[in-house]
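Residue numbers (numbering that gives the first Met the number 0), protein chains in the order written: chain A, 0 to 123; chain B, 0 to 269.
There may be inaccurate statements among the hints.
Unchecked claim - Calculated from the model, a selection of chain B residues having no Cβ within reach of chain A, i.e. all distances over 10 Å:
(1) SER76
(2) ARG152
(3) THR248
Stated by the list, open to error - Okay, the calculated bits of chain B under chain A, using three or more residues with CB under 8 Å as the criterion:
(4) 25-34
(5) 46-58
Stated by the list, open to error - Mimicking SDA-like on lysine to any residue, the simulated pairs with C-alpha atoms at most 25 Å apart in a straight line are:
(6) A/LYS118 / B/LYS133
(7) B/LYS133 / B/VAL104
(8) A/LYS118 / B/THR75
(9) B/LYS206 / B/PHE221
Derived by calculation from the structure, the hints in this document are not laboratory data.
Glycine included, each C-beta is placed from N, C-alpha and C at the ideal position.
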Amino acid sequence: MGGKPFQSKLEPHYDSIREARRNRQTWQAIVEMLAAKGVTTSRPAVYSFMKRKRKRRYAFGMEPDEPILPTVATLPSRPKSIPETSNLSDLPPPPSEFETDPLSLPPKAKAKPKWAVLKPNPKT
Amino acid sequence: MPEPKINHRFITCFQSSGRIGKSTMLEGVLAWASFAGVPAAIVDCDGEHLTLSKRFPEAAFVDATRSKDEFLQLMTSMPDSPISVADFPAQATEFLLDSMQSLRVLDALEKSETRMTVLMFAADDPTATASMAKTYRALGHRVDYIVVKNPARFRSSLFDESALADLFRQNKVPLIELPAVTATTLQQINAASAEQRRHLTLAEAVKMRGLHQMCRFEIEHFLNRVYVQCEDAARVLVPDPALIKNKVTRLADRFAAKPVDEFSPLNIHE
């Protein structure tokens with residue numbers, strides 16, 4: 000037991016494969032791109048490699064460091080053309096789909112007349 | 000107690016049986032109303048067959064038996080026409096009668112000077128009989144009835160012997176008997192409809208030159224019989240018989256007028 004853990008030969012090219020996929024390249028085009036770099040592989044192999052990478056399973060002790068959450072960026076200052084509102088109560092109320100009674104349903108659009116009136120034709 | 004004033008008639012049928020001629024009868028009533036010069040409003044609520052909306056392109060389909068809300072919308076949008084006809088689907092008796100009761104439709108109709116006329120198909124099958132009894136128990140004498148017989152579709156012998164039939168006879172409820180139309184004529188109407196790419200009404204089919212003359216005569220006979228019987232039942236089909244502008248010309252049946260003498264049948268004098 001022991002020894003060097005397995006690592007796919009595609010591992011060093013992970014970033015370039017992902018970049019190619021984001022540029023909407025086909026798996027076949029990626030295989031050809033890798034072949035140009037001297038990596039002989041196949042279309043299903045690249046696909047399986049990327050599928051496995053998506054599942055983020057790492058060998059014991061090979062997990063990457065915890066990602067550092069980005070800090071909240073400072074918002075740019077409000078342009079002076081938009082007046083600042085100091086109090087929320089100054090804001091106009093949001094548009095409501097209800098009238099006065101919250102239990103009443105919003106009014107429906109006027110339906111078409113459902114009845115059709117036949118004109119008499121005494122000649123028949 | 001004075002008779003309430005009637006300005007509108009709402010004609011429909013609440014029975015649960017299918018394929019007994021409900022839509023055909025309503026089509027006959029509409030054809031007669033057109034002939035008589037009485038405007039009629041229609042709505043098709045039978046989504047399974049869509050008979051009225053196929054034959055009268057003006058008629059919209061309204062799924063009024065889907066919910067009480069739809070039924071209420073239909074009833075509240077009833078126009079001011081002298082006659083309003085709604086073709087409800089089969090198997091909706093319970094829903095319709097329950098809605099009629101909970102929405103107090105008859106009270107509302109009375110206030111709008113509308114009286115209902117309910118078609119009662121005198122079919123002997125248990126579903127038709129049960130739904131007829133339920134309809135009469137729910138609506139009673141607050142509506143008018145027309146008994147319809149359709150010998151091509153059903154027998155009426157059990158109904159004729161029933162207490163309800165006696166009651167209808169005592170109250171002089173009009174009876175309409177639909178004449179049979181042969182399968183050949185129906186096939187020719189279907190073929191002509193396919194040719195025209197629309198469903199022809201009987202009143203339209205009778206004018207189609209493509210139909211064989213005898214088929215057209217048969218349709219004409221059907222319509223004539225329906226017109227005559229509808230005119231006889233006009234007191235429950237129109238709010239006021241004075242609205243009828245065009246009456247059926249009735250020819251005296253010379254054979255029926257002179258019965259055959261059993262003792263000397265050949266003694267015929269023109």
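Evaluation of the provided hints:
1. Once the 10 Å rule is applied to beta carbons, B/SER76 is inconsistent with being away from chain A; the minimum gap is 5 Å.
2. Even its closest Cβ contact with chain A, about 25 Å, leaves B/ARG152 beyond 10 Å, as expected for a residue assigned away from the interface.
3. Distance to chain A confirms B/THR248 as a non-interface residue, since its nearest Cβ pair spans about 12 Å, more than 10 Å.
4. Beta-carbon proximity to chain A at under 8 Å applies to 5 residues in the stretch 25-34 of chain B; the threshold of 3 is reached and the given coverage holds.
5. As drawn, the stretch 46-58 of chain B meets chain A at 3 residues by the rule of a beta-carbon pair under 8 Å; at three or more, the given contact holds.
6. A threshold of 25 Å between alpha carbons decides the hint, and for A/LYS118 with B/LYS133 the separation of about 35 Å lies outside it, so the pair is violated.
7. Annotation: proposed proximity of B/LYS133 to B/VAL104 holds, straight-line Cα distance about 16 Å (limit 25 Å).
8. For a cut-off of 25 Å, the pair hint linking A/LYS118 to B/THR75 stands: about 22 Å separates their Cα positions.
9. With a C-alpha separation of about 14 Å, the suggested pair B/LYS206 and B/PHE221 falls inside the 25 Å cut-off, and the hint holds.
Taken one by one, the earlier hints fail for this structure at numbers 1, 6, listed in ascending order.
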